[in-house]
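Take each chain as given, in its own frame, and dock them per the hints.
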Amino acid sequence: MNATRLRSVLVWTAVAGVGAVAWAVLALSRGETVSAVWLVAAALGSYAIAYRFYARFIAKRVLRVDDTRATPAERLDDGVDFQPTDRRVLFGHHFAAIAGAGPLVGPVLAAQMGYLPGTIWIIVGVIFAGAVQDMVTLFFSMRRDGKSLGQMAREEIGPIGGAAALIGVFAIMIILLAVLALVVVNALAKSPWGTFSIAMTIPIALFMGFYMRVIRPGRVAETSVIGVVLLLAAIVAGGWVQTSSWAGTFTLEPKTLVLWLVGYGFLASVLPVWMLLAPRDYLSTFMKIGTIVLLAVGVLVTAPVLRNDAFTDFAFNGNGPVFAGSLFPFVFITIACGALSGFHSLIASGTTPKLIQKESQVRLIGYGAMLAESFVAVMALIAASLLDPGIYFAMNAPAGVVGTTVESASAAVGQLGFAITPQELQAAAAAVQESTLVARTGGAPTFAVGMSEIFSDLLGGDAMKAFWYHFAIMFEALFILTTVDAGTRVGRFMLQDGLGNVWKPFARVSWRPGLWITSAAVVLAWGYFLYAGVSDPLGGINQLFPLFGIANQLLAAIALTVCTTLIIKSGRVRWAWVTGVPLAWDVAVTLTASWQKVFSSDPKLGFFAQREKYADALEQGKLLAPAKTPEQMQAVITNSTVDGVLAAAFALLVIIVILDAMRVWRKVLRDGTKHSTESPYVPSELSLSRS
Amino acid sequence: MTFRLDALARNALRPDEVVVVDWHVTGLCCADSGEFSVRALRRGRLPRRFRPVDALPHNIVYAHPTAWAHLAKRDVAVSCRRAGPLRWFTTDLPPDAGLRACLGRLPPLNA
Numbered sequence: 001m002n003a004t005r006l007r008s009v010l011v012w013t014a015v016a017g018v019g020a021v022a023w024a025v026l027a028l029s030r031g032e033t034v035s036a037v038w039l040v041a042a043a044l045g046s047y048a049i050a051y052r053f054y055a056r057f058i059a060k061r062v063l064r065v066d067d068t069r070a071t072p073a074e075r076l077d078d079g080v081d082f083q084p085t086d087r088r089v090l091f092g093h094h095f096a097a098i099a100g101a102g103p104l105v106g107p108v109l110a111a112q113m114g115y116l117p118g119t120i121w122i123i124v125g126v127i128f129a130g131a132v133q134d135m136v137t138l139f140f141s142m143r144r145d146g147k148s149l150g151q152m153a154r155e156e157i158g159p160i161g162g163a164a165a166l167i168g169v170f171a172i173m174i175i176l177l178a179v180l181a182l183v184v185v186n187a188l189a190k191s192p193w194g195t196f197s198i199a200m201t202i203p204i205a206l207f208m209g210f211y212m213r214v215i216r217p218g219r220v221a222e223t224s225v226i227g228v229v230l231l232l233a234a235i236v237a238g239g240w241v242q243t244s245s246w247a248g249t250f251t252l253e254p255k256t257l258v259l260w261l262v263g264y265g266f267l268a269s270v271l272p273v274w275m276l277l278a279p280r281d282y283l284s285t286f287m288k289i290g291t292i293v294l295l296a297v298g299v300l301v302t303a304p305v306l307r308n309d310a311f312t313d314f315a316f317n318g319n320g321p322v323f324a325g326s327l328f329p330f331v332f333i334t335i336a337c338g339a340l341s342g343f344h345s346l347i348a349s350g351t352t353p354k355l356i357q358k359e360s361q362v363r364l365i366g367y368g369a370m371l372a373e374s375f376v377a378v379m380a381l382i383a384a385s386l387l388d389p390g391i392y393f394a395m396n397a398p399a400g401v402v403g404t405t406v407e408s409a410s411a412a413v414g415q416l417g418f419a420i421t422p423q424e425l426q427a428a429a430a431a432v433q434e435s436t437l438v439a440r441t442g443g444a445p446t447f448a449v450g451m452s453e454i455f456s457d458l459l460g461g462d463a464m465k466a467f468w469y470h471f472a473i474m475f476e477a478l479f480i481l482t483t484v485d486a487g488t489r490v491g492r493f494m495l496q497d498g499l500g501n502v503w504k505p506f507a508r509v510s511w512r513p514g515l516w517i518t519s520a521a522v523v524l525a526w527g528y529f530l531y532a533g534v535s536d537p538l539g540g541i542n543q544l545f546p547l548f549g550i551a552n553q554l555l556a557a558i559a560l561t562v563c564t565t566l567i568i569k570s571g572r573v574r575w576a577w578v579t580g581v582p583l584a585w586d587v588a589v590t591l592t593a594s595w596q597k598v599f600s601s602d603p604k605l606g607f608f609a610q611r612e613k614y615a616d617a618l619e620q621g622k623l624l625a626p627a628k629t630p631e632q633m634q635a636v637i638t639n640s641t642v643d644g645v646l647a648a649a650f651a652l653l654v655i656i657v658i659l660d661a662m663r664v665w666r667k668v669l670r671d672g673t674k675h676s677t678e679s680p681y682v683p684s685e686l687s688l689s690r691s
Numbered sequence: 001m002t003f004r005l006d007a008l009a010r011n012a013l014r015p016d017e018v019v020v021v022d023w024h025v026t027g028l029c030c031a032d033s034g035e036f037s038v039r040a041l042r043r044g045r046l047p048r049r050f051r052p053v054d055a056l057p058h059n060i061v062y063a064h065p066t067a068w069a070h071l072a073k074r075d076v077a078v079s080c081r082r083a084g085p086l087r088w089f090t091t092d093l094p095p096d097a098g099l100r101a102c103l104g105r106l107p108p109l110n111a
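One line per chain: the protein sequences are A and B, in this order. Anchor point for the first sequence: position 556 equals 556 in the working numbering, and the numbering is continuous, going up by one each time. Anchor point for the second sequence: position 16 equals 16 in the working numbering, and the numbering is continuous, going up by one each time.
There may be inaccurate statements among the hints.
[As the list claims (entries may be wrong)] Derived list of chain A stretches under chain B, where covered just means 3 residues or more per stretch with a C-beta under 8 angstroms from a C-beta of chain B:
id, stretch
1, 144 to 153
2, 274 to 283
3, 476 to 487
[Claimed, not checked] Which residues of chain A face chain B? A few of them, derived with a C-beta cut under 8 angstroms, are:
id, residue
4, Leu76
5, Phe493
6, Lys622
[Stated by the list, open to error] Taking beta-carbon pairs under 8 angstroms as the criterion, some of the chain B residues facing chain A (in silico):
id, residue
7, Glu35
8, Pro47
9, Arg48
10, Pro57
11, Asn59
12, His70
13, Lys73
14, Leu99
15, Gly104
16, Arg105
Hints listed in this document are in silico derivations from the structure and should not be mistaken for laboratory results. Positions of the beta carbon are idealized from the N, C-alpha and C atoms, including for glycine.
Chain B on its own, in the form it takes in the complex (with noise of 0.2 angstroms):
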């Protein structure tokens, strides 16, 4: 799994922060699927489960562990639009690549 962050997310971290891939879990009775986030966070306050992952630029990239799972193996590119102060990180990932990956609907590896 390799994370590219572009030029326009490259910029718009600051120098104490890392990009999170975040899973949320959506609950449904007797079985689960969960989706996908990107956002900034403070290296300083990335929670213990968050992994590093593959990324260029290297080790600005953590991952909890089940986008990790569900993301592994794949090159996954990371933007960042900016409205004034706010800012948000996006992927190129499908919509709904969380509930995809849950579902066995993401594109293959190869694609």
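Chain A on its own, in the form it takes in the complex (with noise of 0.2 angstroms):
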């Protein structure tokens, strides 16, 4: 063995050995105090580990990835101009286009059942599944000249399998929408110094794109640190309208700030990209990695102290208030994003597959960006189980739960098996400057206040707690609401896309009646979501976050069908367990969980249960808690049957799209050849300059 080998294996050694360590002081913890660094130290050392060994060997023996074939970037520009994206640029590009707030929202109310099961998801998944989707996608796609994920399904699996794409991806589309504006909600209602600093964003952003593109053209550092300013100076302000006369104009009802975001969204799809849209997303990004690097930095200084149970009881008996469900399949439905995201492979296979230099990056760029994800959603766990568990649950079930005064959740939490006093509550509040902390669903308050403990505890102390937690909402929610203007952006597209199928004028994109009515159309639909989950006596999270999570993982489902698909048509059987075994575990998950929310008998569970239960209640004129009044019976009644129809039309496009590849991998395997979709070899000149 010569000495760089031994050096490697050393220090692969070492590395293994530390994450063995720290699985081993998370695992074996039972009451004893947990450092918040083993939680990063396992995470870290499974990564480097996975990406050493486990990404390498997909990319050379399952992929086999070829760096003397031209990517489509080179090949496309026929050597020219050719300047390749610089590995590292690119890298920065794909990772910011996939952390959304999804690695922030599902990790925090998955903490319900304790941090041991969404830290085992989180790491184990992104590894064998969440990762291996991002790179495998953005390899075939690569090998594709960037075809997308819906082109994709529609070659290689045939229309019915395209179209149950399409229709996954808009349907989804719409709940995510939906789900992430109620978090929004949930976070502004009655805060007037978050809402002045949110609605601060909106003119910041659009004074950023005139000055970017009228007054000082193509400065974009510039223009992002002016940016950067402003919206410290807003959270700032935000602090003196709160307590000045103005407060009474920034305390919105939740019902109120509905309409407010639904007239943004509408607004916002139909202005020019250059105003709104691609300035805010500058700022967002900014704040992203700023934000995202500094909580990494707080985490490993202050080393805080996780004060959640590695496991609580609502892992096993499904009882928990933030959400119904046991441990499977509800921990891997709630986290999403940071393990296995049906949506990265949109990305995946737009934008990114065209940028790509050489084709071993995929490694870097596929898997190296999802696990640097992944590590996000580390963090916000990391920052909710850190808070006091009687918080925790204060914050986090519904007002249906413990009520809306510190006095009524003190005595809820207590149920629950927590202990906090009014005391504590009222204080928590008063440290942030918010007026309560009860029931303040949808994870985003919970993270903020987690954050401002880290971020107080490594800047400004005490004092500075309130600040950090305004910072942390206003993070949240400017990510929140890029998603919000952009996602209603690609629905309004895609509704005009398919109409026109039915009716030409649709397919005009420049006709603007078509236009409009499209975009109505589309804020409409996730605005009667967000309006039933503002309105849901039973919690509009607690409701629709599931359903979010299934809708998700459904897409994960039918990206890796295609990957699965294409690497049997390509030859490679033998390793079609690569993309075959998270398949099956998503479909599993996927499929348990929409069984369970259609078909339980437990009311709390199943979705026309609780129809049933509540159906039944109002015919004999019983109210049934938390619902007050006849029309609060009638809510949740409608909301319970439209979920439900919806989680039993999510599991139904599953079935088809796989019983669809099946099909086509039976007709593969029983012909024995190879079907090559492949872009044909063309010899990089990148690697014949480097020979």
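Okay, here's the thing in structure tokens:
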């Protein structure tokens, strides 16, 4: 063994040792104090081993990446002006694209089952499923000149699979927008500080748009610095507004916020992109990367202690107040974006494959960026788990469970088996200058409180806690609003495109009435679910988040089915397990969750059982808690019916895509021939110039 | 990829200006999309990442790397509308061209 090899063995043995020790500490600790640093060490150690060995194995043996083969970026340019995108720059772009609000929200909600189930799923899930999906999708799209997931589904599986993929994306978009908007509403309701700060991001973004286009064209860095300074000023000004006579203007009820968000979504989808969406995104990207880096530094420097249990009883009895259902399948549904997210397959097959410089870089960009995203999810889980469980449940259980006062919340949390006094709840709210933290569901306020604990330990102490809390709220809301406006636009385009097949004028995207009608239809669709979530006595997050999780994992199932099909069709059948096993797991999770949400006889879990219970009671003239009026009873009945039908429809879509793909697999295996739809091989000038 | 400037666009450009084809990323949770825009920019203010692309007249159009990747092998006509001192550079790309490119819905190359 030569010296280099020996050094490599020693280094990787040490990395594996650190990871193993961290996992052992997490697994064996019961009741002892556990530092969040162990979570970070377990994650980083596992990621390093997975990237070095498993991702390399997939790249070399399964995908057989070939750096002598020109990528689309090189080939389509005719080699005239080819300037390859640096892999580090592309990694940054890809990471910024995949890291949305999802990895911040899901882990916070899943913390109701303890910190360990979420941690295990985030780390193991990303290694064997999420990062594999992203890398393999990126590779196959790159080999096909950057074809989208929908195109590959249509061409490789057939028109049925392709149509199911399109319907899936559209349906997911609507639910996603409603759930994320609900998170913003819950974070901003009755919070003049937060509402003012977020409202200010719109004029700031408009100013940046004009500044970059008219006043100082092309000065992106300068504009971004101005934007970040203005954002920080808006947060500080929010504190003044809260204590001024303007406080009433910015103290909004949830239903009023719904109307504002729907109006904003409509405007953003019809305004030119450069005016509002693009500058908001510059701001969002700076905030996103900067805050995540700062959070990682904060966790490592302050080494906070986890106050959550490794497992809570809710992991096994399924009676959690945040969302109903037991560990399997609901942890795997709730945490999507940090472990396995179908949405990533859209970007892995959209822009990145057209920019990649060499085939071997799919490992860094596809697999590596997803590991980084997973690390963000670990940070979110830490932020939620370092809170006192009493505060966590008082914040995340719906008002129907904990009431609206600190006294009722203290009593309800006590019944759940955790202790928190009304004074402690009042003090926690006062520390971040909010009127209350009770029933602030959705994950964003919890994450903000956790983040303010870490940041105030790092910078400024308790005096800065309120500033950091509102900084975190703005950071998340900014993230989410970029999703709301861009998602509405994508949904509007998909609807126009689809309706164009039925009535031709819709296909002409320059036809203004078509633009307005489809924009209105999309905002009304997600606005409906948002309104239903806000007014649902059982709590919108409790009702809608599982549906969002099922929908997202449905898209992952479609992406993994396309990948498995491509592996089989390209003659690599012996390696089909690489995507086939995560697909089987994902299907088991999605279908079990759908089955339980549709057919469970427990009204807390099954939508139709819930519907029946409330409908029977209403018929007998009774009111069931938490509903206080017949109208609220009717709202529960309507919402559970719609949600139940959607859960069944999502499950049906998964089954259709997989059955259609299995037909293709059977045919390929029976014929025993390769069916390559790859672009022809062209030697890479880059590799020639190096050899 | 060839950008052809018509007479209106050529006349609207000042001597020290070029046409830039920009790419505006728009966020979408765990995915992204974007949109193209064209505008005039003084040559001295060109960001380094913009690359010159094949154009008529030559050396007059620069593209953002992502815009370039989505428009590779396409011919694009550039024109300009004026209202007094204001200029709007336009292309013959369909509306939502960036979204179409991300979702694989741009018209085929030979269309």
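Hint check results:
1. Coverage of the stretch 144 to 153 of chain A by chain B holds in this model, with 5 residues showing a Cβ closer than 8 angstroms to a Cβ of that chain against a need of three.
2. By the rule of at least three residues with a Cβ nearer than 8 angstroms to a Cβ of chain B, the coverage given for the stretch 274 to 283 of chain A holds, with 5 such residues.
3. Counting residues of the stretch 476 to 487 of chain A whose CB falls under 8 angstroms from any CB of chain B gives 7; the rule of at least 3 is met.
4. With 8 angstroms as the threshold, the beta carbon of Leu76 (chain A) comes within range of chain B, its nearest partner Cβ sitting at about 4 angstroms, so the hint holds.
5. The beta carbon of Phe493 (chain A) comes within 5 angstroms of a beta carbon in chain B, closer than 8 angstroms, and the hint placing it at the interface holds.
6. Interface restraint check: Lys622 (chain A) against chain B, minimum CB-CB distance 40 angstroms, threshold 8 angstroms, status violated.
7. With a cut of 8 angstroms, the hint placing Glu35 (chain B) at the interface with chain A holds, because the nearest CB-to-CB distance is about 4 angstroms.
8. For Pro47 (chain B), the suggested interface contact is upheld, since its CB lies about 6 angstroms from the closest CB of chain A, less than 8 angstroms.
9. Given hint, Arg48 (chain B) at the interface with chain A, is violated; its Cβ is 10 angstroms from that chain's nearest Cβ, farther than 8 angstroms.
10. Because the closest C-beta pair between Pro57 (chain B) and chain A is about 16 angstroms apart, greater than 8 angstroms, the hint is violated.
11. At a threshold of 8 angstroms, the smallest CB-CB gap from Asn59 (chain B) to chain A is about 11 angstroms, leaving the interface hint violated.
12. The interface hint given for His70 (chain B) is met, as the beta carbon of that residue sits about 7 angstroms from the closest beta carbon of chain A, less than 8 angstroms.
13. A distance limit of 8 angstroms between C-beta atoms decides the matter here; for Lys73 (chain B) the minimum to chain A is near 5 angstroms, and the interface restraint holds.
14. Interface hint status for Leu99 (chain B): upheld, as the beta-carbon distance to the closest one in chain A is roughly 5 angstroms, under 8 angstroms.
15. A cut of 8 angstroms between beta carbons decides the hint on Gly104 (chain B): the least distance to chain A is about 3 angstroms, and the hint holds.
16. Interface restraint check: Arg105 (chain B) against chain A, minimum CB-CB distance 6 angstroms, threshold 8 angstroms, status holds.
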